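Novice: One letter stands for each residue in the lines below.
2 protein chains.
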Amino acid sequence: MHTFKELVADFGQRFGVRHFPETPVSLYEPGEYFLSWGGKRIRPVMCLMGNEMFDHIKPDSYEVATAIELFHNFTLIHDDIMDEAPLRRGMETVHMKYGSNTALLTGDVMMIRAYEYLNKINPQYLSRILALFNKTAREVCEGQQLDIDFEKMTDVSLGAYIEMISLKTSVLLAASLEMGAIIGGASEGNCRHLYEFGKNLGIAFQIQDDYLDAFGDPEKFGKEVGGDIRQNKKTFLLLHALEVANDDQKKTLQHLMQENPADKVQKVLSIFKDCNVDAWANSLKEKYLQTALKHIDDIAVMAVRKKPLEELADFLIQREY
Amino acid sequence: MHTFKELVADFGQRFGVRHFPETPVSLYEPGEYFLSWGGKRIRPVMCLMGNEMFDHIKPDSYEVATAIELFHNFTLIHDDIMDEAPLRRGMETVHMKYGSNTALLTGDVMMIRAYEYLNKINPQYLSRILALFNKTAREVCEGQQLDIDFEKMTDVSLGAYIEMISLKTSVLLAASLEMGAIIGGASEGNCRHLYEFGKNLGIAFQIQDDYLDAFGDPEKFGKEVGGDIRQNKKTFLLLHALEVANDDQKKTLQHLMQENPADKVQKVLSIFKDCNVDAWANSLKEKYLQTALKHIDDIAVMAVRKKPLEELADFLIQREY
Chain A
19 MHTFKELVAD FGQRFGVRHF PETPVSLYEP GEYFLSWGGK RIRPVMCLMG
69 NEMFDHIKPD SYEVATAIEL FHNFTLIHDD IMDEAPLRRG METVHMKYGS
119 NTALLTGDVM MIRAYEYLNK INPQYLSRIL ALFNKTAREV CEGQQLDIDF
169 EKMTDVSLGA YIEMISLKTS VLLAASLEMG AIIGGASEGN CRHLYEFGKN
219 LGIAFQIQDD YLDAFGDPEK FGKEVGGDIR QNKKTFLLLH ALEVANDDQK
269 KTLQHLMQEN PADKVQKVLS IFKDCNVDAW ANSLKEKYLQ TALKHIDDIA
319 VMAVRKKPLE ELADFLIQRE Y
Chain B
19 MHTFKELVAD FGQRFGVRHF PETPVSLYEP GEYFLSWGGK RIRPVMCLMG
69 NEMFDHIKPD SYEVATAIEL FHNFTLIHDD IMDEAPLRRG METVHMKYGS
119 NTALLTGDVM MIRAYEYLNK INPQYLSRIL ALFNKTAREV CEGQQLDIDF
169 EKMTDVSLGA YIEMISLKTS VLLAASLEMG AIIGGASEGN CRHLYEFGKN
219 LGIAFQIQDD YLDAFGDPEK FGKEVGGDIR QNKKTFLLLH ALEVANDDQK
269 KTLQHLMQEN PADKVQKVLS IFKDCNVDAW ANSLKEKYLQ TALKHIDDIA
319 VMAVRKKPLE ELADFLIQRE Y
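Note that the protein sequences, when read in sequence, are chains A and B. Start counting the first sequence at 19; every next residue gets the next number (the working numbering). Start counting the second sequence at 19; every next residue gets the next number (the working numbering).
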């Protein structure tokens with residue numbers, strides 16, 4: 019068994035090679051440029067962990083993990099075009115550096131390359147892995163479209179937001195674990211538990227992300243606090259606040275979102291606190307985390323095999339107590 | 019055996035169903051909108067013909083044909099974004115009607131849907147079909163990128179142009195035939211001949227397309243003559259003219275392309291004729307057509323089985339004599 023950190027190092031090294039042909043340079047250089055930035059590679063490592071929970075890591079899992087990471091990067095390149103983002107992790111985005119048309123094609127060809135890696139695996143698993151990969155890929159597009167839709171809507175329910183977050187980010191985490199588990203020979207029941215673990219963990223992580231953006235320690239959080247508030251981003255916090263606030267608070271919130279005064283972040287945070295949004299978010303996060311961990315409990319393997327995934331949950335989700 | 023026309027009707031009817039889930043409407047309606055326009059469905063029908071050359075049409079061929087048509091439509095949606103095309107066949111393009119971001123996602127999810135259809139086929143062929151599909155899909159992206167690159171270049175060689183055209187359009191025709199042939203149980207040698215038939219036929223068709231844009235009868239051609247010339251599009255005709263013209267003619271051509279005078283089309287056509295570009299284009303088209311037909315000759319099946327593809331070549335390529 020390997021720890022999350024060991025697998026991050028292992029996969030990072032294997033993934034740090036060229037993934038595209040040399041020519042046409044104009045098509046493949048932008049893809050290599052984007053992949054060269056590195057990253058935590060959480061999704062592919064979850065695939066390896068899903069495998070190792072049931073058996074030693076098989077070569078096929080590395081192919082699937084690579085396909086997952088390429089797919090994830092394809093979504094980032096296309097998302098950056100849609101968001102007109104000039105930078106990602108301090109680097110010039112692909113569309114800024116090479117133009118939108120090339121960025122669009124770079125994303126397209128990266129997705130196709132993902133399928134080329136998938137097609138390297140043992141035909142015995144191919145159809146089952148492909149089915150889960152395709153379904154998940156389609157769901158990620160659905161989540162992204164819902165995110166676009168919600169930006170223009172004023173009345174998004176918390177339930178609809180959770181569905182969107184689940185599609186946009188959680189299902190890929192869940193499917194990464196399950197694809198590894200399939201290759202590791204897990205039963206269908208165990209696969210389902212692992213999938214649900216990943217899905218619930220992803221939602222807990224997003225709640226935490228929203229929470230930290232508002233209430234995090236800027237030094238630990240690594241970015242300026244209140245970015246979501248400044249951009250009127252729909253988050254767990256804002257949607258809950260709009261649900262529980264009294265009429266005065268609601269009016270003030272809406273006014274702040276329209277007028278963008280200089281003290282907007284401070285004033286929104288003060289309403290959040292008055293509405294106990296912070297405590298609510300922590301308890302909701304805890305609820306999803308507990309649901310996730312319960313699914314790990316229910317997997318029919320020895321406790322020692324569950325350790326790395328429990329550690330991953332600890333690593334991703336900070337507990338308050 | 020069926021004729022091309024019969025298969026167009028058969029496939030058209032089967033393809034004329036809903037291809038996406040109902041929700042989210044905002045993601046899937048644009049895809050259904052684009053597919054509802056109909057079309058000749060040449061590529062999927064070539065897949066069915068590739069199958070029927072060797073055996074009766076198997077259900078798997080319809081799945082692959084559907085995947086091919088969805089892939090082709092995905093490329094059209096993304097190409098329209100890149101070209102900022104307001105209309106296609108007189109209809110509002112997806113990005114004009116629904117916005118660029120949704121059009122981008124509609125294309126993405128249409129490609130994923132293509133892979134879902136591919137995954138319905140017998141696992142026995144899956145890996146081989148997937149390998150050819152992936153390679154072809156990647157090549158189509160390469161062709162599109164080269165096309166973008168060539169637009170900005172002043173010195174594109176005829177050889178480079180043929181390579182671009184081959185990647186952008188011919189390989190998908192070729193692969194459509196071969197995927198059908200694989201399902202029909204063709205030998206590797208026969209598959210290769212069929213692929214080369216499709217590839218050469220595609221190039222002949224593009225030469226004809228370029229020719230008709232300059233020299234076609236506007237009534238038969240169905241669109242205004244000279245559109246490529248007005249847009250300075252690199253075509254077989256222009257690239258050859260730039261290769262064979264004398265210094266004066268070259269200067270005049272370059273001047274016309276820069277200045278866009280009112281009589282540009284007429285003057286460029288006059289240089290084309292002085293350089294015998296029309297006769298040259300016809301003989302080059304004939305050369306590719308003959309190469310294509312030779313590959314059909316070389317396929318080891320009875321003559322009667324070759325008839326539909328020979329008729330397809332006759333239908334697509336008009337002969338001058």
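Calculated from the structure, these hints are not laboratory results. Fair warning: this is a prediction, and the values are worked out from it, not measured in the lab. Built from N, CA and C at the ideal position, the CB exists for glycine as well. Warning: the hint list may mix true and false statements.
As the list claims (entries may be wrong) - Computed list of lysine-lysine pairs in BS3-like fashion (alpha-carbon distance at most 27 Å, straight line): (1) B:Lys268 <-> A:Lys115; (2) B:Lys268 <-> B:Lys285; (3) B:Lys138 <-> A:Lys138; (4) A:Lys153 <-> B:Lys153.
As the list claims (entries may be wrong) - Have a look at the derived ranges for each label pair, beta carbon to beta carbon: (5) B:Ala149 <-> A:Ser205: 49 to 55 Å; (6) A:Lys285 <-> B:Lys115: 38 to 44 Å; (7) A:Gly30 <-> B:Ser54: 52 to 58 Å; (8) B:Gly117 <-> A:Gln284: 31 to 37 Å; (9) A:Arg323 <-> B:Pro39: 53 to 59 Å; (10) B:Leu105 <-> A:Ser205: 52 to 58 Å.
Novice: Against this structure, judge whether each hint is valid.
Specialist: The hints, checked one at a time:
no., hint, result
1, B:Lys268 <-> A:Lys115, "violated, 35 Å"
2, B:Lys268 <-> B:Lys285, "holds, 12 Å"
3, B:Lys138 <-> A:Lys138, "holds, 18 Å"
4, A:Lys153 <-> B:Lys153, "holds, 22 Å"
5, B:Ala149 <-> A:Ser205: 49 to 55 Å, "violated, 30 Å"
6, A:Lys285 <-> B:Lys115: 38 to 44 Å, "holds, 40 Å"
7, A:Gly30 <-> B:Ser54: 52 to 58 Å, "violated, 46 Å"
8, B:Gly117 <-> A:Gln284: 31 to 37 Å, "holds, 35 Å"
9, A:Arg323 <-> B:Pro39: 53 to 59 Å, "violated, 36 Å"
10, B:Leu105 <-> A:Ser205: 52 to 58 Å, "holds, 54 Å"
Hint check: violations occur at hints 1, 5, 7, 9; the rest are consistent with the structure.
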